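S.K.: Single-letter residue listing:
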Amino acid sequence: MAIKTIAGVNVDVNEEGYMTDASQWNKEIAAGIAAEEGVELTDQHFELIDWIRNKVAVGDSLTIRAIGKSGIVDAKQFYKMFPGAPLKKATKIAGVPKPTSCI
Amino acid sequence: MKKLLILGAGTAGTMMANKMRNNLERDEWDITIVDQYKTHYYQPGFLFIPFGMYTKKDVIKPKSDFFPVGVNVIFSKIDKILPKENQVLLDGGTVLKYDYLIIATGTRTAPEEVDGLKDKLWYKDIFDFYTIEGATALASYFKTWKGGNLVVNIAELPYKCPVAPLEFVFFADAFFTERGMRDKVKIIYVTPMSGAFTKPRATKMLGDLLDQKNIEIIPDFNIMEVNNDEKKIVDYGGTEVPFDCLVSIPTNMGDDMIARSGLGDDMNFVPTDKHTLQQKDYENIFVIGDASNIPTSKAGSVAHFSSEILEENLMCAIEGRPFTASFDGHANCYIETGYGKGTLIDFNYDTEPLPGSFPFPGVGPFGLLKVSRMNHYGKLLFRWMYWHILLKGKEMPIDSEMQMAGKKL
Ligand SMILES: Cc1cc2nc3c(=O)[nH]c(=O)nc-3n(C[C@H](O)[C@H](O)[C@H](O)COP(=O)(O)OP(=O)(O)OC[C@H]3O[C@@H](n4cnc5c(N)ncnc54)[C@H](O)[C@@H]3O)c2cc1C
Chain L
463 MAIKTIAGVN VDVNEEGYMT DASQWNKEIA AGIAAEEGVE LTDQHFELID
513 WIRNKVAVGD SLTIRAIGKS GIVDAKQFYK MFPGAPLKKA TKIAGVPKPT
563 SCI
Chain X
219 MKKLLILGAG TAGTMMANKM RNNLERDEWD ITIVDQYKTH YYQPGFLFIP
269 FGMYTKKDVI KPKSDFFPVG VNVIFSKIDK ILPKENQVLL DGGTVLKYDY
319 LIIATGTRTA PEEVDGLKDK LWYKDIFDFY TIEGATALAS YFKTWKGGNL
369 VVNIAELPYK CPVAPLEFVF FADAFFTERG MRDKVKIIYV TPMSGAFTKP
419 RATKMLGDLL DQKNIEIIPD FNIMEVNNDE KKIVDYGGTE VPFDCLVSIP
469 TNMGDDMIAR SGLGDDMNFV PTDKHTLQQK DYENIFVIGD ASNIPTSKAG
519 SVAHFSSEIL EENLMCAIEG RPFTASFDGH ANCYIETGYG KGTLIDFNYD
569 TEPLPGSFPF PGVGPFGLLK VSRMNHYGKL LFRWMYWHIL LKGKEMPIDS
619 EMQMAGKKL
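Going down the list, the sequences are from chains L and X.
What the first sequence shows, in my numbering, is residues 463 to 565, in sequence order.
What the second sequence shows, in my numbering, is residues 219 to 627, in sequence order.
Source of the hints: derived by calculation from the structure; they are not laboratory data.
Keep in mind that a hint or two might mislead.
Subject to a maximum C-alpha distance of 20 Å in a straight line, what follows is the list of computed SDA-like cross-link-like pairs (lysine to any residue) [as the list claims (entries may be wrong)]:
hint, chain 1, residue 1, chain 2, residue 2
1, X, Lys295, X, Tyr259
2, L, Lys517, X, Asn511
3, L, Lys550, X, Met411
4, X, Lys612, X, Lys295
5, X, Lys498, X, Glu529
6, L, Lys531, X, Leu242
7, L, Lys531, X, Asp483
8, X, Lys498, L, Lys550
Fair warning: this is a prediction, and the values are worked out from it, not measured in the lab.
Bound conformation, chain X alone:
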């Protein structure tokens, strides 16, 4: 029997297990997937928790609901990959052999990377919302918070779901307005980027939205430390921003297992060919989702689009043919802007987010770089599609390759 081994059963790993079980003969190929946890978290839902729109039960399901029949599932922490031996070691000493390996171990928040972040105010006046623990702690804090400086800080690039911190401040504006205390809350968006986003048009559009909602932006801020005693964040250049409540998007890093395996860059992301999704040094290792270093967003939509590419290329590799699929970096992000409305961006390695309609040219129903009620429904619908279509590896009604039709240059 030949062996395909998948590390990580999050968004990307689960999709690949479903897709590959469909492709590979059961009597020729063993497929095994490994994860440390039994619960699957719908991470995009974390954004809604601090504002009481979702609770924990809205974002969790057992991982076992999503694995196809005929895949071996192992719940264990992965110790390391031995790429030269084609082996993976699990905690406790189990050795797994593979013919092909898919790395899908995602990224984790690493608050310990910034001095003073995970210190005496952690989960008292300082929170994250990228973990279930942080999101729920912040939800109870906001219930009784009296107001003051609400500082939202991105520690370092890259971080997953690049629009989530913006959505957070848009939601915060609406949340405190609806509670009749917006005048007591000063919202400050502190980012290492030079503006609200990276590319010119999206930066302008989102920057204007911040402005309209009376949210201050402090760009080019590279955090050096959090001063817990004086309640301020300080950057390397000496700029200081005082906070009453700090919401941090901590440094995102690949899992330590990647470093132990000697397969990571300085943030434990795995060097990967951005078109083929093959690991740079080993022909039988492929990388998908947040774990790779490909230069596009770390997002569920990217994991989804690239899963179709990986499915095709892995079959090419297995059957000894040249690769036929090439990933274009396609990302598609719904952005909540508060008050039941949202906007949408669609882009890839070469094309910045442009205005227009999506997915049907001229028709929509979604509007690119526009604020509309429909875009907000798109985001809510995404949760349903995530659980019922995406994780199971079924076809979604959107092309994996970015389309130019319907866009205005």
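Chain L with its partners taken away, still in its complex shape:
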């Protein structure tokens, strides 16, 4: 557990830089994390981030399949918006825990 200053605000993060208190999150902080990840946020990014935050709030698990069916983007666009590791980047920017895979 650590404290990090993002967009001029102190927020709680874990060792991988994921926020641990969802209530501290706001759009400026999202933009701050996004900049570190090399992502510039558009309205579509924010629409998807809202969707992700709502899913996590009700306890649903996040998968690429689920995001592809969100009605906001398909899986391919999702990769374009968050290049490299989309699920890891999108959750970090959305201020929710990194999805764990259970197998």
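Since chain L is already given, all that's left is putting chain X with the ligand on it; use the hints.
M.R.: Positioned in the frame of chain L, the structure of chain X with the ligand alone reads:
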């Protein structure tokens, strides 16, 4: 007469039929079990078929050998569940009523979920080994294969028996070495996970094994399509992996019947309480085995451990008592590593696989996260136990709850 209805007579359904017939009075309770097929497949045996270690006859027995006296057996496809009416419809229109329902319809491979997977190279240069058809087709292919890129790809999570694809590449390494052609075969393990497995210690141990056996791993690969003309797999991020032979673990989904019944998530798995095994919306429906969405491995060992929990909780429900059993997600998997050796992992919802000895602390005879000859015998012994003890719902010499004794933190 009260009615208990069990859907699916695979590993989990068969165990529950045996257990519940023992518990419920014959003159008060009717028990009925339904399955579409008459043959029981020992699925863990599919892994051994491509390498000529088992053939089809080693993995099949009639389902009817395993049902207890006093259970009605119906061989028919299930059309759908009407949970509000406490009814199940079979193909052909038969209606079955129930007081309690157990869903045990497992998971199936869904190759149609990935573009180009089930296309012109399907069962020519592209195979699965999670079905008897795929495993036997691959066995004949390997007999004359000249070598090249052998790509093993996991399409999507979750999939049943999470260690089986790793065992497959370990076996492939030994198989092609023994045939004197390992230098002609490049084995590549392509997975959507970030490493060989999910939890830190098992990932490190299994990742090191891949390395020692000269098996390349490509992590974080989420397959978008199979290009049949250029013989390559492509992920959403644009990474391409060329193959000469592709062995796919296709998307695993619950049966379509679950979707028709409106009881599934986006992969047709049934939302289930991970401790009580009760379906999330209906008090008289319980779910066991691969069909549920509980966050642990989809494996026969899990079905077995959870059957003891379900037996107890179903009796609580029937007798109007609060639930007394709680499932901890216990999974126990023998992992073949080739050359007559194996390793073993034991874990649950909260505790990752740890090193140590199993099942007797300090004694074993099995070693956790260690490669040994004994662990390989454990896996072979599992087939005997499966047919003779497990399916019949008898006690196994292993606790259903995961034990910490004998483990090193
Ligand atoms: C290659 C491979 C290796 C494996 N290795 C291991 C291992 O080493 N250890 C281990 O513990 N596990 C292993 N497993 C996993 C194990 O086999 C499964 O987890 C287990 O069989 C699950 O039991 P189940 O009863 O939930 O499903 P299943 O045994 O698959 O049974 C489901 C049943 O439901 C029936 N059904 C489904 N839908 C319908 C319908 N609409 N109408 C009528 N009937 C229907 C099916 O016909 C089937 O008989 C392996 C699996 C595979 C494929």
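S.K.: Decide, hint by hint, whether the structure agrees.
M.R.: Hint-by-hint comparison with the structure:
no.: 1; hint: X/Lys295 / X/Tyr259; verdict: 17 Å, holds
no.: 2; hint: L/Lys517 / X/Asn511; verdict: 17 Å, holds
no.: 3; hint: L/Lys550 / X/Met411; verdict: 12 Å, holds
no.: 4; hint: X/Lys612 / X/Lys295; verdict: 28 Å, violated
no.: 5; hint: X/Lys498 / X/Glu529; verdict: 18 Å, holds
no.: 6; hint: L/Lys531 / X/Leu242; verdict: 44 Å, violated
no.: 7; hint: L/Lys531 / X/Asp483; verdict: 12 Å, holds
no.: 8; hint: X/Lys498 / L/Lys550; verdict: 29 Å, violated
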